[in-house]
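Let chain H serve as the given structure and place chain A on it in line with the hints.
Number of protein chains: 2
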Amino acid sequence: MSILIVGTITLDTVETPTKKVEDVLGGSGAYAAVAASFFGNPVRLVGVVGEDFPHTYTDFLQTRGIDLEGLTRVQDGKSFRWGGKYTDDFNIRDTLFTELNVVADFHPILPDSYKDTSYLFLANDPPQLQLSIIEQVPNPKLVVCDTMDFWINAEREALDKTIERVDILILNDSEAKLLTGESNLLKAAQEILRYGPNRVIIKKGEHGAISITESSFFSAPAYPLENVVDPTGAGDNFAGGFMGYLASVDNISEGSIRKAMMYGTVIASFNIEDFSINRQKSVQFSEIEARYRELQNAVRF
Amino acid sequence: MSILIVGTITLDTVETPTKKVEDVLGGSGAYAAVAASFFGNPVRLVGVVGEDFPHTYTDFLQTRGIDLEGLTRVQDGKSFRWGGKYTDDFNIRDTLFTELNVVADFHPILPDSYKDTSYLFLANDPPQLQLSIIEQVPNPKLVVCDTMDFWINAEREALDKTIERVDILILNDSEAKLLTGESNLLKAAQEILRYGPNRVIIKKGEHGAISITESSFFSAPAYPLENVVDPTGAGDNFAGGFMGYLASVDNISEGSIRKAMMYGTVIASFNIEDFSINRQKSVQFSEIEARYRELQNAVRF
Numbered sequence: 001m002s003i004l005i006v007g008t009i010t011l012d013t014v015e016t017p018t019k020k021v022e023d024v025l026g027g028s029g030a031y032a033a034v035a036a037s038f039f040g041n042p043v044r045l046v047g048v049v050g051e052d053f054p055h056t057y058t059d060f061l062q063t064r065g066i067d068l069e070g071l072t073r074v075q076d077g078k079s080f081r082w083g084g085k086y087t088d089d090f091n092i093r094d095t096l097f098t099e100l101n102v103v104a105d106f107h108p109i110l111p112d113s114y115k116d117t118s119y120l121f122l123a124n125d126p127p128q129l130q131l132s133i134i135e136q137v138p139n140p141k142l143v144v145c146d147t148m149d150f151w152i153n154a155e156r157e158a159l160d161k162t163i164e165r166v167d168i169l170i171l172n173d174s175e176a177k178l179l180t181g182e183s184n185l186l187k188a189a190q191e192i193l194r195y196g197p198n199r200v201i202i203k204k205g206e207h208g209a210i211s212i213t214e215s216s217f218f219s220a221p222a223y224p225l226e227n228v229v230d231p232t233g234a235g236d237n238f239a240g241g242f243m244g245y246l247a248s249v250d251n252i253s254e255g256s257i258r259k260a261m262m263y264g265t266v267i268a269s270f271n272i273e274d275f276s277i278n279r280q281k282s283v284q285f286s287e288i289e290a291r292y293r294e295l296q297n298a299v300r301f
Numbered sequence: 001m002s003i004l005i006v007g008t009i010t011l012d013t014v015e016t017p018t019k020k021v022e023d024v025l026g027g028s029g030a031y032a033a034v035a036a037s038f039f040g041n042p043v044r045l046v047g048v049v050g051e052d053f054p055h056t057y058t059d060f061l062q063t064r065g066i067d068l069e070g071l072t073r074v075q076d077g078k079s080f081r082w083g084g085k086y087t088d089d090f091n092i093r094d095t096l097f098t099e100l101n102v103v104a105d106f107h108p109i110l111p112d113s114y115k116d117t118s119y120l121f122l123a124n125d126p127p128q129l130q131l132s133i134i135e136q137v138p139n140p141k142l143v144v145c146d147t148m149d150f151w152i153n154a155e156r157e158a159l160d161k162t163i164e165r166v167d168i169l170i171l172n173d174s175e176a177k178l179l180t181g182e183s184n185l186l187k188a189a190q191e192i193l194r195y196g197p198n199r200v201i202i203k204k205g206e207h208g209a210i211s212i213t214e215s216s217f218f219s220a221p222a223y224p225l226e227n228v229v230d231p232t233g234a235g236d237n238f239a240g241g242f243m244g245y246l247a248s249v250d251n252i253s254e255g256s257i258r259k260a261m262m263y264g265t266v267i268a269s270f271n272i273e274d275f276s277i278n279r280q281k282s283v284q285f286s287e288i289e290a291r292y293r294e295l296q297n298a299v300r301f
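Note that the protein sequences, when read in sequence, are chains H and A.
One point on numbering: in this note's numbering, the residue at position 32 of the first sequence is 32, and numbering is uninterrupted.
One point on numbering: in this note's numbering, the residue at position 46 of the second sequence is 46, and numbering is uninterrupted.
None of these hints come from the bench; they were simulated from the model.
Here the structure is a predicted model, which means the values were calculated and not measured.
List of simulated lysine to any residue pairs, SDA-like, C-alpha gap at most 25 Å: (1) A:281 with A:81; (2) H:141 with A:301; (3) H:259 with A:301; (4) A:204 with H:273; (5) H:177 with A:229; (6) H:187 with A:15; (7) H:187 with A:18; (8) H:204 with A:89; (9) A:20 with H:184; (10) H:204 with A:186; (11) H:204 with A:93.
The following block holds chain H by itself, in its conformation from the complex:
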């Protein structure tokens, strides 16, 4: 089935204790689309870039089978730029700069060919933009939304309206606590279920993720990784892989959701092994399957 991903497509500058890269391909939409593309389904991407955005990056996305009809290139515009720096243990990230540029005035009109989308993923983006996309897709089978602390703090009212309309909200643990004011993650998740979604997926970084509905609880382990190079985009890869698997099986049962979370986990684990989407360029599906089986063994008791 078709997947529509709406998110940012950015030029990132990332500094780690060992290396610095500049203006590499990044953004929630780009990462999620690449992750979703592993499953061979049509992936449609909506986003905006400036005139400065390298064609090699858009060419790469197209080689992954990602449909860019929904990508707007603004002449005389500058692309979204983000810069971040990691400390030694990769658990702390300082944002050095965020230049919204062309994203600030982006009000996407979906191509007609995108309107029959079944699986809609709203990657991290302004909540008003996320809501406008929901309103343009008449019959989605599943609407999944990610957000971040910035929007929780700055656009709470708009975010509430968006959250009310989604089936699954994906966010990280600190964001779940911030959104609800609850320090206990279970209580936070139950509060979020009252906002509208029927499922909450809380990402916990190196500690894995949990999925909670009114009647189910799933604890997803993280893939144990020694070789951490750059965690940027791990959450977007998780969500993109999650959507890619669900669309490929066209099933949203509890069992499929759990498998999808584990494929998302595995795909994110590869992404962390290099900057930008570099590692994803060479990952074979057999490698994804091997790590998936490793994780099955890692939780068996």
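Chain A in isolation, oriented as in the chain H frame:
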């Protein structure tokens, strides 16, 4: 099979955002022994208390079938006292005071009846004391050791000698990082395996635990708990339940170790629901089995 637990038996003062209790039964040895006693095996406890130690507490331990021949009561001595305070989210604990008292001069001589012990658990205690116990048990089937940041910082040389002699080292994530200087938990675990143990179990609090050997990796989920009252002793309960299960099946295969970790997880989850060992007084084994099955379902994919 018989279990020998060596650890502290203390009078704790614990303050949480909602309540404060004073001089309640606590200590690594007491918590671990109560947890181990759920499995019906003989549990032997070695430790020291002062003249001030309430007989109601020792009576309670004996009602759990815990053998106290190895418990020394020092006339005119004062019991180990510890005081701690939790912040709102229970993730930060401030130690308010630590009075070693009788523990400072405790050099236990094992009763003859304890020397045939098969399953030896060295709960958190001075490493010299832990080593002296190892030297008094001639043929243990399994030696498991816990420690904490205090000993890593203050008694590193003695601790290294102890760790060299144990089969399994149990410690929490921050302690594993402190002990090895590695910020990546996998690397930290592999470094610890070079110190002597053939298995490392790293406790991650609300994120569960992991077990690592040269050839295996197990990710144990935490039991999802909304009703957190007092986390004191959770790690000791985990280890005690772990030992109790292993001794009950008298098997230390990878499969048994994993099951033992999950029983430890479940028993710890009950302990957190009240102060001291209060919740453990009423827990039925059927309740333990029910949570164990819940966790099996929570990781299935």
